[in-house]
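Student: Each chain, written out:
Protein chains: 2
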Amino acid sequence: MTAKIARFLEDVRPPTPCVVVDLDVIRDNYQGLRRWLPLAQVFYAVKANPAPEIIRMLAGMDSNFDVASRPEIELCLAAGASPDRLSFGNTIKKKSDIAFAYDRGVRLFAFDCEAELDKLAEAAPGSRVFCRLLMTCDGAEWPLSRKFGCEIDMARDLLVAARDRGLEPYGVSFHVGSQQTDLQQWDVAVGKTAMLFTALNKAGIELKMVNLGGGLPARYRTDVPGIDRYADAIMHAMTRHFGNNIPAMIIEPGRGLVGDAGVLEAEVVLISKKSYREDVRWVYLDVGKFGGLAETMDEAIKYRIETDRDGEPVGPVVLAGPTCDSADILYEKAGYRMPLALAVGDRVRILATGAYTTSYSAVNFNGFEPLKAYFI
Amino acid sequence: MTAKIARFLEDVRPPTPCVVVDLDVIRDNYQGLRRWLPLAQVFYAVKANPAPEIIRMLAGMDSNFDVASRPEIELCLAAGASPDRLSFGNTIKKKSDIAFAYDRGVRLFAFDCEAELDKLAEAAPGSRVFCRLLMTCDGAEWPLSRKFGCEIDMARDLLVAARDRGLEPYGVSFHVGSQQTDLQQWDVAVGKTAMLFTALNKAGIELKMVNLGGGLPARYRTDVPGIDRYADAIMHAMTRHFGNNIPAMIIEPGRGLVGDAGVLEAEVVLISKKSYREDVRWVYLDVGKFGGLAETMDEAIKYRIETDRDGEPVGPVVLAGPTCDSADILYEKAGYRMPLALAVGDRVRILATGAYTTSYSAVNFNGFEPLKAYFI
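Those sequence lines, one after another, are chains A and B.
Using this note's numbering, the first residue of the first sequence is number 2, and each one after it goes up by one.
Using this note's numbering, the first residue of the second sequence is number 2, and each one after it goes up by one.
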């Protein structure tokens, strides 16, 4: 937790639950990424935290933006980003939304199948398109499914088809999985990508861009490599597979830029035991799975949690949210331990909650308000 | 789907995604429950669908309400329910919210541990309290965890303690699990409850009420018993375990009242294959896990889905939502099959989506608007 956030929480004592985001951390992360990976253009993954305060700051620093929907396009344009700095990176788009983006000047689009190519050819003629490759990468904490991308031979045919339909086959994208801590995965993915570049060269198509996706981590319960080591791994993979003919590079950090910038302040609503036979305490917070901590689904993301009694003796706990929903449990198997002296009314701080929290929050489930946020 | 909903969808052609709720179905369900289970007071579980249209109608039919939070209390009072018809059924309450409820006239509260009793004794003196029992019931589709309730010997001591702190130990509640289709589970739960009544009698406490919780199902992919059979099972259990000394009964249907009343209209945004080797199509809708279909988590609730091409040849599909989140997949293992002729732009209707959809919807994840609803 930064000194600025600590001071804010102390001075303001905002009602819980709320997230406090330190914009300086995001600025530093952005500059670090530019410094360590100067060849890559940064496209901030807006979905990670679409707060106008963040978008405006990054737009002012010449960041580009990876957008998932029409409202995200409107948000970025309103924040001062020009349309040539937007990539419509969602592979699942309504044709009307493609037309909207094109009309606003967006000329860079993702796709991973023929039906999407049909829509792009009609609604965004002449645009640059990149095909997303299906990767099955190990090592990521947030589950990477087969939802996005296609296999490499299909990608080849689709990029040829893109040219034949008047689009510009511009590049290839992949995603090694969010919160990816196995650096070797970039080498695997870049290797496949280079093979695809070669295959298309034979078809007379020179791809110009590799979109490396996201995957840069925030610091949750387990430690993660620094951004410098990620940059090394990526550049090593690029030079190994592309030699001295390195294409344009795009990177799409979301979690890696904003995750560590946020602290979620919550309150202990209740502490109980279920029976006389058990030691484990149930600790209920005023925030849960439906109030912004959706990434605790299947206990995937394991946040660090601080209390004012840290350092005192601890015991095992189950952590749960405040709703009447039996699925609203944060951690039951992950082995969390909290101070035995923890009391109802205590405040706790859930760290690295700057990404995928506020916007995941349910509208009014169980009547509870969506998660509030402060940007300082 | 009711004729009224079909006509509305045909005439209005509302933008997708949206839920259309037929209030007549809710009225019929409520009246059916009153008819089949006349001894039980109905407390509608507001969290299932907190639309003012529903609350107002039920308030006008003399329904009672099970509320989970302060905003739900305000909602019910504003809709015309008097405070003596509210039960603050969440076992996890802030003391300030208990005080708020008490101040507004609410006198019936749930609890399941000593710390909650402390709060109730201070903030709601003299109120009726009921203790929730921990049940581990099989047969429910929506996972019932150990989040709520305590074991029976602890419940006994807590109800005695309630009396000693100036509260009125009023009864016992349990929940057999949402979408419970094994009718035998009520017998198990009522049997435990009757044992607890006897134990408290020996301590000089006469409990007056059994809160049977929810559990009444909506009709999803598998067929479910009718409400008459649930009523039979419940009354059979009550008479078997309480003889001719049946206490007051409360039932808290949410899904069972409003689930079948809603139809979610969605659009097919994309259909693709991942490789040349696979037969399965990926069908992407404009609604997903974060847009209101959260109960597809772990493929728990399996909705029935209709298309305009039903009856034509079908093939296997994976169903997914429109966001860039790899976890936003509805059904991958549940074996859904859809018409081979299904096309991008087709509308599909997801049935029995009146409960736990609109209010679960994320604020603006990926920029998408929360799920809209129409009440007709």
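Hints may contain errors.
Same chains, same names: a pair is fine if it fits in one copy or spans any two.
Claimed, not checked - Dumping the calculated DSSO-like pairs for lysine-lysine here, alpha-carbon to alpha-carbon at most 30 angstroms:
no., residue 1, residue 2
1, Lys-209, Lys-274
2, Lys-203, Lys-303
3, Lys-95, Lys-303
4, Lys-203, Lys-334
5, Lys-334, Lys-274
6, Lys-193, Lys-5
The hints are simulated quantities; they were obtained by calculation from the structure and are not laboratory data.
Student: If a hint holds in the structure, say so; if it doesn't, say that too.
Tutor: Hints versus structure:
1. Lys-209 - Lys-274: For Lys-209 and Lys-274, the Cα distance is within 30 angstroms only across copies (26 angstroms; inside one copy 60 angstroms).
2. Lys-203 - Lys-303: Answer is neither: 46 angstroms inside a copy and 47 angstroms across each miss the 30 angstroms cutoff.
3. Lys-95 - Lys-303: So Lys-95 and Lys-303 pass the 30 angstroms test across copies only (25 angstroms; inside, 34 angstroms).
4. Lys-203 - Lys-334: Classified as neither; 52 angstroms inside a copy, 39 angstroms across copies.
5. Lys-334 - Lys-274: within (16 angstroms within a copy, 36 angstroms between copies)
6. Lys-193 - Lys-5: Result: close neither inside a copy nor across copies, 44 angstroms intra and 54 angstroms inter.
Hints 2, 4, 6 from the earlier list are contradicted by this structure; the remaining hints agree with it.
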